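A.B. asks: Turn these sequences into a full structure, and let the hints steer you where they fit.
Residue numbering for the sequence shown follows the working numbering, beginning at 57 and increasing consecutively.
Source of the hints: derived by calculation from the structure; they are not laboratory data.
Please read these numbers as outputs of a predicted model, since none were measured by experiment.
Some hints here could point you the wrong way.
As the list claims (entries may be wrong) - Each computed SDA-like pair below joins lysine to any residue, with the alpha-carbon atoms no more than 25 Å apart:
#, residue 1, residue 2
1, 177, 145
2, 137, 126
3, 177, 130
4, 137, 98
5, 177, 201
6, 177, 194
7, 137, 123
8, 137, 190
9, 137, 80
10, 137, 106
11, 137, 104
12, 177, 159
13, 177, 202
14, 137, 99
15, 137, 91
16, 177, 189
17, 137, 172
18, 137, 147
19, 137, 156
20, 137, 100
21, 177, 138
22, 177, 131
23, 137, 105
24, 137, 111
25, 137, 112
26, 177, 199
27, 177, 158
28, 177, 188
29, 177, 146
30, 177, 143
31, 137, 167
32, 177, 167
33, 137, 174
34, 177, 198
35, 177, 206
36, 177, 190
37, 177, 141
38, 137, 150
39, 137, 162
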Amino acid sequence: EVSPNESVITSQYRVDLLASACHFEHPDCLENAVRMYTNWMLAPNPDSNNEIHVDLRGIVYCVGVRAGGVREWTFAWDRFKVATAPSERHRLLSVLGCTRSPSLLHRYLEMSLRNDSGIRKQDIVRVFSAVAGTGIGQPIAFNYIRANWQR
Numbered sequence: 057e058v059s060p061n062e063s064v065i066t067s068q069y070r071v072d073l074l075a076s077a078c079h080f081e082h083p084d085c086l087e088n089a090v091r092m093y094t095n096w097m098l099a100p101n102p103d104s105n106n107e108i109h110v111d112l113r114g115i116v117y118c119v120g121v122r123a124g125g126v127r128e129w130t131f132a133w134d135r136f137k138v139a140t141a142p143s144e145r146h147r148l149l150s151v152l153g154c155t156r157s158p159s160l161l162h163r164y165l166e167m168s169l170r171n172d173s174g175i176r177k178q179d180i181v182r183v184f185s186a187v188a189g190t191g192i193g194q195p196i197a198f199n200y201i202r203a204n205w206q207r
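C.D. replies: Here it is, written out as structure tokens:
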């Protein structure tokens, strides 16, 4: 949790440490992030009632999507579709690539090229970077680009 009285530098160190702990799959970090993501999903109005501190959202969202399945991924996608703040939209586009599901990663790449998906053309690179930035997603993104180069 973030303390309201800590300095900006301390807060940034905390975020960096938490990101590293979750990246290296520290059990406490993963457990807390999944709990926070699940609580957000269960909120009566998650679009206006997000209690996850803004500095922790990228970490928590990514862990929630990575540890979850279709339901958690779809929840993040639904939040992207209604998000109005550019920073939140960018954050959600990035974390949608955190899933470990090859079918969801492929679906995400496919959606990025559809005109009706809500993903702007200039954000397609963010989608492909998010997918290719994971060990599971790298070959999926590469093969997708190779197969769909003409699109």
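A.B. asks: With reference to the structure, classify each hint as holding or not holding.
C.D. replies: Against the structure, the hints come out as follows:
1. 177 x 145: Holds, because 14 Å separates the two Cα atoms, which is no more than 25 Å.
2. 137 x 126: Answer holds: residue 137 to residue 126 is near 16 Å, not above 25 Å.
3. 177 x 130: holds (21 Å)
4. 137 x 98: holds (18 Å)
5. 177 x 201: holds (15 Å)
6. 177 x 194: With Cα atoms ~21 Å apart, residue 177 and residue 194 stay inside 25 Å; holds.
7. 137 x 123: Satisfied, since the Cα-Cα distance of roughly 21 Å is no more than 25 Å.
8. 137 x 190: holds (23 Å)
9. 137 x 80: violated (30 Å)
10. 137 x 106: holds (16 Å)
11. 137 x 104: Given pair residue 137, residue 104 holds - Cα atoms ~14 Å apart, limit 25 Å.
12. 177 x 159: Cα-Cα ~22 Å, so holds.
13. 177 x 202: holds (19 Å)
14. 137 x 99: Within the cut-off at roughly 18 Å; holds.
15. 137 x 91: holds (23 Å)
16. 177 x 189: holds (19 Å)
17. 137 x 172: holds (11 Å)
18. 137 x 147: holds (12 Å)
19. 137 x 156: Holds - the C-alpha atoms of residue 156 and residue 137 are around 21 Å apart, at most 25 Å.
20. 137 x 100: holds (18 Å)
21. 177 x 138: holds (18 Å)
22. 177 x 131: holds (22 Å)
23. 137 x 105: holds (16 Å)
24. 137 x 111: holds (21 Å)
25. 137 x 112: Cα-Cα ~21 Å, so holds.
26. 177 x 199: holds (20 Å)
27. 177 x 158: holds (23 Å)
28. 177 x 188: Given pair residue 177, residue 188 holds - Cα atoms ~18 Å apart, limit 25 Å.
29. 177 x 146: With Cα atoms ~13 Å apart, residue 177 and residue 146 stay inside 25 Å; holds.
30. 177 x 143: At roughly 17 Å apart (the allowed maximum being 25 Å), residue 143 and residue 177 satisfy the hint.
31. 137 x 167: holds (12 Å)
32. 177 x 167: Between residue 177 and residue 167 the Cα gap is close to 11 Å, so the pair holds against 25 Å.
33. 137 x 174: holds (7 Å)
34. 177 x 198: This hinted pair holds, its Cα atoms lying about 19 Å apart.
35. 177 x 206: The given pair, whose Cα atoms are some 16 Å apart, holds under the 25 Å limit.
36. 177 x 190: Answer holds: residue 177 to residue 190 is near 22 Å, not above 25 Å.
37. 177 x 141: holds (18 Å)
38. 137 x 150: Given that 25 Å is the threshold and the Cα spacing comes to 14 Å, the pair holds.
39. 137 x 162: holds (19 Å)
In terms of the numbered hints stated before, the structure departs from hint 9 and from no other.
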